[in-house]
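K.L.:
Below are the chains, spelled out letter by letter.
Protein chains: 8
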Amino acid sequence: QRTGIMEAILAEGKEPEDVVKIAKAHVDACGRALITRLNETNVKLLEAAIGPEQLEWGKYKKTVVVHNGTPVSKTGGVVAIISAGTADITVAEEARIVASEMGCETIAIYDVGVAGFHRLVGEMSKLQSHKPDSIVVAAGREGTLPTVVSGLVDVPVIGVPVSTGYGAGAKGEAALLSMLQSCSVLAVVNIDAGFVAGAFAARIANSVARARDGKNRETQS
Amino acid sequence: QRTGIMEAILAEGKEPEDVVKIAKAHVDACGRALITRLNETNVKLLEAAIGPEQLEWGKYKKTVVVHNGTPVSKTGGVVAIISAGTADITVAEEARIVASEMGCETIAIYDVGVAGFHRLVGEMSKLQSHKPDSIVVAAGREGTLPTVVSGLVDVPVIGVPVSTGYGAGAKGEAALLSMLQSCSVLAVVNIDAGFVAGAFAARIANSVARARDGKNRETQS
Amino acid sequence: QRTGIMEAILAEGKEPEDVVKIAKAHVDACGRALITRLNETNVKLLEAAIGPEQLEWGKYKKTVVVHNGTPVSKTGGVVAIISAGTADITVAEEARIVASEMGCETIAIYDVGVAGFHRLVGEMSKLQSHKPDSIVVAAGREGTLPTVVSGLVDVPVIGVPVSTGYGAGAKGEAALLSMLQSCSVLAVVNIDAGFVAGAFAARIANSVARARDGKNRETQS
Amino acid sequence: QRTGIMEAILAEGKEPEDVVKIAKAHVDACGRALITRLNETNVKLLEAAIGPEQLEWGKYKKTVVVHNGTPVSKTGGVVAIISAGTADITVAEEARIVASEMGCETIAIYDVGVAGFHRLVGEMSKLQSHKPDSIVVAAGREGTLPTVVSGLVDVPVIGVPVSTGYGAGAKGEAALLSMLQSCSVLAVVNIDAGFVAGAFAARIANSVARARDGKNRETQS
Amino acid sequence: QRTGIMEAILAEGKEPEDVVKIAKAHVDACGRALITRLNETNVKLLEAAIGPEQLEWGKYKKTVVVHNGTPVSKTGGVVAIISAGTADITVAEEARIVASEMGCETIAIYDVGVAGFHRLVGEMSKLQSHKPDSIVVAAGREGTLPTVVSGLVDVPVIGVPVSTGYGAGAKGEAALLSMLQSCSVLAVVNIDAGFVAGAFAARIANSVARARDGKNRETQS
Amino acid sequence: QRTGIMEAILAEGKEPEDVVKIAKAHVDACGRALITRLNETNVKLLEAAIGPEQLEWGKYKKTVVVHNGTPVSKTGGVVAIISAGTADITVAEEARIVASEMGCETIAIYDVGVAGFHRLVGEMSKLQSHKPDSIVVAAGREGTLPTVVSGLVDVPVIGVPVSTGYGAGAKGEAALLSMLQSCSVLAVVNIDAGFVAGAFAARIANSVARARDGKNRETQS
Amino acid sequence: QRTGIMEAILAEGKEPEDVVKIAKAHVDACGRALITRLNETNVKLLEAAIGPEQLEWGKYKKTVVVHNGTPVSKTGGVVAIISAGTADITVAEEARIVASEMGCETIAIYDVGVAGFHRLVGEMSKLQSHKPDSIVVAAGREGTLPTVVSGLVDVPVIGVPVSTGYGAGAKGEAALLSMLQSCSVLAVVNIDAGFVAGAFAARIANSVARARDGKNRETQS
Amino acid sequence: QRTGIMEAILAEGKEPEDVVKIAKAHVDACGRALITRLNETNVKLLEAAIGPEQLEWGKYKKTVVVHNGTPVSKTGGVVAIISAGTADITVAEEARIVASEMGCETIAIYDVGVAGFHRLVGEMSKLQSHKPDSIVVAAGREGTLPTVVSGLVDVPVIGVPVSTGYGAGAKGEAALLSMLQSCSVLAVVNIDAGFVAGAFAARIANSVARARDGKNRETQS
Ligand SMILES: Nc1ncnc2c1ncn2[C@@H]1O[C@H](COP(=O)(O)O)[C@@H](O)[C@H]1O
Ligand SMILES: Nc1ncnc2c1ncn2[C@@H]1O[C@H](COP(=O)(O)O)[C@@H](O)[C@H]1O
Ligand SMILES: Nc1ncnc2c1ncn2[C@@H]1O[C@H](COP(=O)(O)O)[C@@H](O)[C@H]1O
Ligand SMILES: Nc1ncnc2c1ncn2[C@@H]1O[C@H](COP(=O)(O)O)[C@@H](O)[C@H]1O
Ligand SMILES: [Mg+2]
Ligand SMILES: [Mg+2]
Ligand SMILES: [Mg+2]
Ligand SMILES: [Mg+2]
Ligand SMILES: [Mg+2]
Ligand SMILES: [Mg+2]
Ligand SMILES: [Mg+2]
Ligand SMILES: [Mg+2]
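Protein chains in written order, with the working numbering: chain C, 1 to 221; chain P, 222 to 442; chain G, 443 to 663; chain E, 664 to 884; chain Y, 885 to 1105; chain A, 1106 to 1326; chain F, 1327 to 1547; chain X, 1548 to 1768.
If you are wondering where the hints come from, they were derived from the structure by calculation, not from laboratory data.
The beta carbon of each residue, even a glycine, is placed where N, CA and C say it ideally should be.
Certain hints may be false.
A few chain C residues that don't get close to chain F, going by computed Cβ distances all over 10 Å [as the list claims (entries may be wrong)]: (1) Glu17; (2) Lys44; (3) Asp111.
Okay, derived cross-link-like pairs now, DSS-like style, lysine-lysine, Cα gap no bigger than 30 Å in a straight line [stated by the list, open to error]: (4) Y:Lys928 with F:Lys1340; (5) Y:Lys945 with G:Lys613; (6) E:Lys724 with P:Lys265; (7) C:Lys44 with F:Lys1497; (8) E:Lys878 with Y:Lys1010.
These stretches of chain X come out as covered by chain A in the derived footprint (C-beta under 8 Å, 3 or more residues) [said to hold, decoys possible]: (9) 1711 to 1724; (10) 1728 to 1739.
Just chain C, same shape as in the assembly (with noise of 0.2 Å):
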């Protein structure tokens, strides 16, 4: 496995019956497989085909884990994934299940409007007591949460722009430009890649937890 990243199947643009086999061949393989950005035909095909003891699902099954038992091994890093809205939660849920994957504990808040400030700021420090290492925050239409979330904390906060919204700056172009332009400081990654916060998310979170263990970090060999 390269440099500690969780390898994912992209069902998008693959025939679903192939998303199926490889899927498959990868659980022979290493015991787990993640797969990504599912349509309705993935998921009838998956559950014909693969018992439901084998299948974890993300939230609105955009994202599924298929294993054959083998339990991932956990690295005591700790992510927290946030969103705002309910068009933003599969995008969380596809950060959330990668870095759980890369072994790390995983803490969802997915009802943190920005509308009411005053919640927030007492969720924030709700969420403090999770000390979690890296913190992802999925926001669509004009992409404030993670300004916000970055200003409260102090640990490294990721951004990802969500493709909502209608008219000018819609499908995540404003809330990506928004997140550019921020006045915290944030890190970015493109809209809907909740993959990649989340595989960068743990990658913070596992380095921290190695430096917790006492344990240098692995060189790659």
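Put chains P, G, E, Y, A, F and X with the ligands on the given structure of chain C with help from the hints.
P.N.:
Chains P, G, E, Y, A, F and X with the ligands alone, transformed into the frame defined by chain C:
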């Protein structure tokens, strides 16, 4: 005067000598003349040609009112102008002076940073005590402030994107798009269009003031 | 309810069954629920689940209010909604219904063509007799109408670009840009954002109405 | 001379000394030379090298005709050029001078504001009395004027977007897109392309004039 | 009828049943109705509702004229329509039928490829023998053909970009930009706007025809 | 100080005299002040006003630290900064100095060309021996280097697009898009945003360093 | 046949029945016909109408050659086609088949990942042993592979961006821009334009082959 | 030297003094140095520091070769460079000089206008008599010329868009897009990238020349 809006002289794209001449003609005809988007040459020529007691400068001298002592007749409307950063002040000033010339009392709050949300909430309740009839919020970079302000008040809030920032979404593009995508109820004007924002806010405030005075809105003759 | 704005359910991007459920819950909690951007499936499911006396449809059934008989409490504000072509009506209706749900009397003028300026001038003076407190103008293609209307009245005019047209500048882009560049005093919302336009216009109208009633604007608690 | 079009010298992007040389060569060969998009250096060098009686300047000196007394041979075609604002005049002048050099009588109407539609309608009927064979309309900002004019006449109207404005849609972009999306029958040339507009309008007017003279259109040899 | 232009029914964005109804009403009122941008459902419903002798289809059935036997009154104007590829024909047909409905004789040349310039030159001189008063050239991909044609004739040439191609500049964007940048004298309409091109070309041709008939251009009443 | 980030003075868009004043005030208050995006006037005024022993310049003098002898307190975090070409160095320096001011040890590798992949692989294993906690990679033109580096290491890599190149995709656009589309796990900041990249990398490194020290991450009070 | 290039039938935008007819006519006239950008309906109709021994399919059946047994006459030119991911193969196949139909020997290497640079270097030296005369490299997402390949060989390399990816720079835009900005010597064709890339590579290879055969390049008659 | 390409010094973005130093170092090391994208300061400093017999300037002095008498070793490859307008010549010269430095004989044809197709056809057959191995065509505005040339010859043609024009599609954008959409077989480089075009053309010509010499292509060591 057309439908209750301030006519102004846009200095940009005119010969500086012509700007002085046009301004003097305006003052002779109407008593007062507003000039916007001044550069340094404009400032020098105006200061050379016109006595200081006849010049009311906006902060940073990008906007000026030339007058012969004729006062503005007050309407009783109240317009607040809010901005977050130093770079936004010239645009905020353009809006403030237009609203003032249209007869409104203006309240300028130019030190509200998005970074510190605790402080913002405090200042907002202070702002409320002034009971503005409308609020202009100028913001560059990612343009968050108008969204936040509109979520905290119940009077109309007009967002003005400011042409700051570098890289993708620079020059006010991210700010404009994020205001258009805002989850708050927000009306928007073009990038740096302090003039339009101030005139629009004054239209609202003057409508409310007329109603407060028990007057019917004057129909256009 | 946050700062005097209508909460609405955006049908787009939600499972149609969920839309029905959420709407029913809203009605149980608040008496009335507004749903926007309906498709045909939404319409069918709503008609199957809810009695016709509890459904108030916008023209072309893209917007609906579900209610249990609870009336809207009237504010005395007056909002006019103007559009030019058939294609602009669904967006205009979204604006009208939001303003109506926020307590305003609404005046819909949907047959004003820019083509015939003589006729337009006639209708504008007729409009003036209704003394609207604010005006929403929906326009697609090249989006001229809001500019023209704003030049003829002295109340605030909000332009809503509509996603019509084909070729360069299609889908409301030309209309948005031309409203942002307008020489008239105009505030703008995003393409097809009838909801924001209607809520913004109602905010203005309700402010004026409160002033007319001699009431001070209610401070947010 | 190719298919009845004026050849012109584009000053922009050429060494000012070369412009003078090329112009003189043209005059020696053809009697007259048209130069467009002059800057201040061009103007100075031309005035130094060529007598004033041999120079016919456009308003604001962005366009000039150099000649040795050779007159233009009149075709009888009539071209009207209309513009709305000060900033549009240099582009309008470019169109006017090209049409004039191609033998047309030209009518320049440079003070038509879109703001006052009543006045516009009046001037249009006045314009009609000149019976122009084609009309060029130059307009910046939101570019409304060509649409309005084309709705009031039955001769071909050519819209020229002008590179004015700031913010989104600036530099003629909004004007170009709104002319392309226009509901009127309008043909368009590129932003600031007064030359093309004037030449195209003259082609039309000269065709009509030939027909008026009972001449068949001359076939290209 | 407004200023001598064909009114047409744009089928796109209307319910197919409504298109039939509107068309019938037009025919009852005016004798003839032009419908553009038809899809397959439109075609089926029209064929079911209206007898074949009352339907004049454009090639590929994207445009149709419905009539009750009322003929078009001929003006004597002559419009040529040229296109290069199969994909351009539907747009060319829209232009041709509009011009025909506006009383012009039309000449359609749909097999002119840019590839073979030798052949093009031959066909152009053949075209000249028809003495068209104006020429519409439809071209997709890189949109070269209008530039070439305009360099070979001395009548006005209108370019219509066609929404073909894939990759960068696809859907007519490269064609539109290259026509706007053309070194020839060319006026342009929006991508796929055969309607506008045809109506504009007919305006020219009808002006010329009136002059040929010794008639003054009819002033608009 | 807010959530452990360096505050810096953005020289761009401020009067050079003001930059000196603000910097001095910062130094008086905090001991050290970082100034970014300097131009030549800034450099001159700073050198005139402040002694050389109080100025630590970045390479090419686009970034400077002003201080009164107060040292940075070291965190133990290690940040590597990599760039490929001469043009990328000023951006890389901005990142390096921010990370250094935030207490990190920094390793600058500015001579890594993508051209020679053999050499790159060699240098990467050398880099690994420094065991950086995070890596910033600055790259212009097509922005390949961050993708390549991230594929070779297992610590978090942050890509900074640099505004180089000419033609399509120039000024960092191609670099930004290609980093967002990267097949490697990469987080991105805006074009030329060395400041954000350095601060983000330092946040990571400082988190790891705290863990290494057996300290819990300090919760924000 | 025009200047030594394959004529092909672009299935996209043609009626599937017409594609079959046109193909049969081509085969009758020339012996062989290439059809590109097939969809599933095209495939079905072709398989129904034409015997399998007369159909040579590209991988994934997006491209096909129909023939009546007439062989391609071999030129001796050698073209290599390289791609990185599954999604790039259909575009690579289009290039390969065109080059093959133009008489070249083709070498397809479709499993070269940018991720593993060690492996790439290995495969490149293997590729060199085939001594291709030109190389087509198809790459989507961030489009790195052509840059890398061109840095490792001394024959002409043509990059083809592939329309993969989501978010900013998706559908081949990032790949196209990064190839245009490449620091290597690279010529580019449009997104997904395998046809053009293959034909261009074959032009090169056939030129080299002619030179190898001691033949002068045939002048066009 | 890497894979047979000319290394050049890009003057743009370097201090003019540094350009002189780097050039001298190159000449000392290799005998010859190519410098591109010179401005007037570069020219002055180079002429002051280096004797005229050691400087070979491109037309308009945007490109120069500095040498100490060391000759280029000729390959026998032949590259033609064609351009249409004055503005395209500096880009064409950059391509020509690179090809020349890479050992090719170069043929420059800089007076080919698209306007006169008759003349073009004549010149093309003359060009054919030189039997170039590859052709670079530089074209701005609408970028037609490379398409036309490629349709007339059977050697590889590389299009270089030139950053001319104003308005929509200016600065080479229309030219780039129309070359990418071209119906001819054309490979493209970035706007103004004469360097890449010349180097690519020389790669082709040198491959053909090696084959002509009966030599196998030299494998990279
Ligand atoms: N800063 C500004 N932004 C937008 N419009 C302006 C500005 N300043 C003046 N204007 C308006 O621009 C129009 C043209 O101004 P002028 O060119 O001075 O006649 C007038 O209607 C002014 O009211
Ligand atoms: N294909 C078309 N392109 C542009 N405008 C059209 C087209 N077809 C009809 N129109 C015009 O579009 C306007 C609106 O049409 P309708 O929506 O049918 O009332 C009318 O003025 C028609 O003349
Ligand atoms: N996939 C393709 N991409 C680009 N051009 C193509 C493709 N397939 C065919 N062509 C060319 O497109 C032109 C028009 O094709 P057609 O519409 O079939 O006459 C012909 O010159 C073909 O050689
Ligand atoms: N005009 C040019 N366009 C594109 N690349 C160039 C140009 N001139 C020089 N180069 C290349 O740019 C790269 C960086 O140049 P330098 O910054 O001088 O080291 C080298 O690989 C040069 O070969
Ligand atoms: Mg958000
Ligand atoms: Mg802001
Ligand atoms: Mg409109
Ligand atoms: Mg205008
Ligand atoms: Mg074409
Ligand atoms: Mg790079
Ligand atoms: Mg790639
Ligand atoms: Mg050209």
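K.L.:
Could you grab the alpha-carbon distance between Lys724 (chain E) and Lys265 (chain P) and see if it respects the 30 Å cut-off?
P.N.:
26 Å, holds
K.L.:
Closest CB-CB distance from Glu17 (chain C) to chain F, is it above 10 Å?
P.N.:
It holds; Glu17 (chain C) is separated from chain F by about 14 Å at its closest Cβ, greater than 10 Å.
K.L.:
Verify the coverage statement for the segment 1711 to 1724 of chain X against chain A, using a C-beta to C-beta distance below 8 Å and requiring 3 or more qualifying residues.
P.N.:
holds (count 3)
K.L.:
At least three residues with a C-beta closer than 8 Å to a C-beta of chain A: is that true for the segment 1728 to 1739 of chain X?
P.N.:
holds (count 3)
K.L.:
Test the statement that Lys44 (chain C) is away from the interface with chain F: the closest C-beta pair must be farther apart than 10 Å.
P.N.:
Holds: least Cβ distance 20 Å, greater than 10 Å.
K.L.:
Does the claim that Asp111 (chain C) lies outside the interface with chain F hold up, using a Cβ gap greater than 10 Å?
P.N.:
25 Å, holds
K.L.:
Just to be careful, I want the Cα atoms of Lys44 (chain C) and Lys1497 (chain F) compared with a cutoff of 30 Å; is the pair within it?
P.N.:
27 Å, holds
K.L.:
Quickly compare the C-alpha distance for Lys928 (chain Y) and Lys1340 (chain F) to 30 Å and report which way the hint goes.
P.N.:
Holds: Lys928 (chain Y) and Lys1340 (chain F) sit about 20 Å apart, inside 30 Å.
K.L.:
What's the verdict on Lys878 (chain E) and Lys1010 (chain Y), does the C-alpha distance respect the 30 Å limit or exceed it?
P.N.:
The hint holds at about 20 Å.
K.L.:
Please verify whether Lys945 (chain Y) and Lys613 (chain G) have alpha carbons no more than 30 Å apart.
P.N.:
Holds, because 25 Å separates the two Cα atoms, which is no more than 30 Å.
Violation of the numbered hints given earlier is absent; every hint is satisfied by the structure.
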